[in-house]
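Counting from 220, one number per residue, gives the positions in the sequence shown under the numbering used here.
Don't take every hint at face value.
[Unchecked claim] Straight-line distance between alpha carbons at most 25 Å, and here's what the computed BS3-like set of lysine-lysine pairs gives:
no. : residue 1 : residue 2
1   : Lys231    : Lys367
2   : Lys250    : Lys270
3   : Lys330    : Lys250
4   : Lys250    : Lys385
5   : Lys385    : Lys330
6   : Lys367    : Lys270
7   : Lys367    : Lys330
8   : Lys385    : Lys334
9   : Lys270    : Lys322
10  : Lys367    : Lys385
11  : Lys322    : Lys334
12  : Lys250    : Lys322
13  : Lys281    : Lys250
14  : Lys322    : Lys281
15  : Lys468    : Lys385
16  : Lys330    : Lys281
17  : Lys270    : Lys231
18  : Lys334    : Lys281
19  : Lys334    : Lys367
Calculated from the structure, these hints are not laboratory results.
Bear in mind that the values here come from a model prediction, so they are computed numbers and not experimental data.
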Amino acid sequence: MPTYPRSAVTAKQGINFVRTVVEEAGSLFHKIEQENDLGIDALIELLRHGKPLNHQIAVQIKSGQTYYSSQPGECVFPIADHREYWARHRLPVYRVVYVPTLKTAFWIDIKHYLKRHPDATTVHFRTSEANRFDSSSFARLFIPSIVKETPSLSLEEAFHLARSPKVDELYLAVVVLFRRHPNVPRVWDEFVRCLRERPVEEIPGHLVYYLAHIPGHGDIYYFGEQITPATREYARSLLANLGYSEIVKLLSLIDPENSISRGSIGQSVHAVLSSLPQAPGLLRQVAAATELSLFVRECAALILAIEEGTDAAPVLQEVAASGSWYANELLAHLLEYGHINPY
């Protein structure tokens, strides 16, 4: 007597779960039959209130405990021979993993992952509220991530995720807090708390960009609710209490490839630090701290040179004496022209 394999049942559970989530949200789910499957199981056409959003995505759906490890809460699946097909597909490609025991699914942007991990043979991604795929998150979080909109979280949901140990949940929270609630004082309390309490590797780079909206700089792009003068003054008072360790963290977030230049995190760090009354003394401490990386010390010296001109020459000399060719080049430029402007 023929039998129907359990694996086929599990696979259908995943397909049906994703279809239900998509269709209940009012979007369109177009299944690709197995005989035509080259690595894509369905196409999803995104709609809102019955109107197309002009975004279609390709998804591959996997279902079963095989693809999920509860410790540390991670989805895993092989790339196999799909790398080139996914990478060159004309549509955005997403993998959705349905976990039967949790009765929910999680998603990842495949193209983004492949670009960041060009030699990977297996995809590993952590599960979180930020990449949950279910009826409660599809319209509020998933669709906005596709169409480049701010996700929809309540203020309290965002504050809760801001305390999460999962970096992607923190990232989501910071975006929502700034874009949807920029004039709530607690938001700025939370941003400064994040800078004070989290290790530098957990601090999202865009948090620095948001902090830079307080002093402002030439490449700040404003949209949505504007920061009021009262909010700006409150945030300034918080930043004025930053100390040595926070200054080091901010400098450590600067990307070595772009350093301090237009449109870089370094530009935002410069904007924040140059607005602080305590910055000149603290930057001199950082530049002199031989236990810190040479790059961090170079950045501290560069900001001083931008702000103080030739008065910062002794600081550059000190960093150059530690073996920094970059500080030596900056010093030569400063002495010749009297100023430095990396923008």
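Hint by hint, here is what the structure shows:
1. The hinted pair formed by Lys231 and Lys367 fails the criterion: a straight-line CA distance of about 31 Å is larger than 25 Å.
2. Under the criterion of a C-alpha separation no larger than 25 Å, the hint pairing Lys250 with Lys270 is consistent with the structure, at around 21 Å.
3. Among the hinted pairs, Lys330 with Lys250 is consistent with the structure: their alpha-carbon atoms are about 20 Å apart, no more than 25 Å.
4. As the CA atoms of Lys250 and Lys385 are separated by approximately 33 Å, the hinted pair breaks the 25 Å bound.
5. Taking the CA atoms of Lys385 and Lys330, the gap is near 22 Å; set against the 25 Å cutoff, the hint holds.
6. Between the alpha carbons of Lys367 and Lys270 the distance comes to roughly 17 Å, so the proposed pair stays at or under 25 Å and holds.
7. Of the pairs offered as hints, the one joining Lys367 and Lys330 holds, with about 16 Å between alpha carbons and a cut-off of 25 Å not exceeded.
8. Among the hinted pairs, Lys385 with Lys334 is consistent with the structure: their alpha-carbon atoms are about 22 Å apart, no more than 25 Å.
9. Distance check on the hinted pair: Lys270 and Lys322 sit about 29 Å apart at the alpha-carbon level, beyond 25 Å; violated.
10. As the CA atoms of Lys367 and Lys385 are separated by approximately 22 Å, the hinted pair is consistent with the 25 Å bound.
11. Note on Lys322 and Lys334: the hinted pairing is violated, with a Cα-Cα distance of about 30 Å set against a maximum of 25 Å.
12. Distance check on the hinted pair: Lys250 and Lys322 sit about 21 Å apart at the alpha-carbon level, within 25 Å; holds.
13. A threshold of 25 Å between alpha carbons decides the hint, and for Lys281 with Lys250 the separation of about 14 Å falls inside it, so the pair holds.
14. At roughly 13 Å between alpha-carbon atoms, Lys322 and Lys281 fall within 25 Å of each other, so this suggested pair holds.
15. Note on Lys468 and Lys385: the hinted pairing holds, with a Cα-Cα distance of about 19 Å set against a maximum of 25 Å.
16. Of the pairs offered as hints, the one joining Lys330 and Lys281 holds, with about 17 Å between alpha carbons and a cut-off of 25 Å not exceeded.
17. Taking the CA atoms of Lys270 and Lys231, the gap is about 29 Å. The hint is violated against a cut of 25 Å.
18. A C-alpha spacing of about 21 Å is found between Lys334 and Lys281, which places the hinted pair at or below 25 Å, so the restraint holds.
19. Using a Cα cut-off of 25 Å, the hinted pair Lys334 and Lys367 holds, with the two alpha carbons roughly 19 Å apart.
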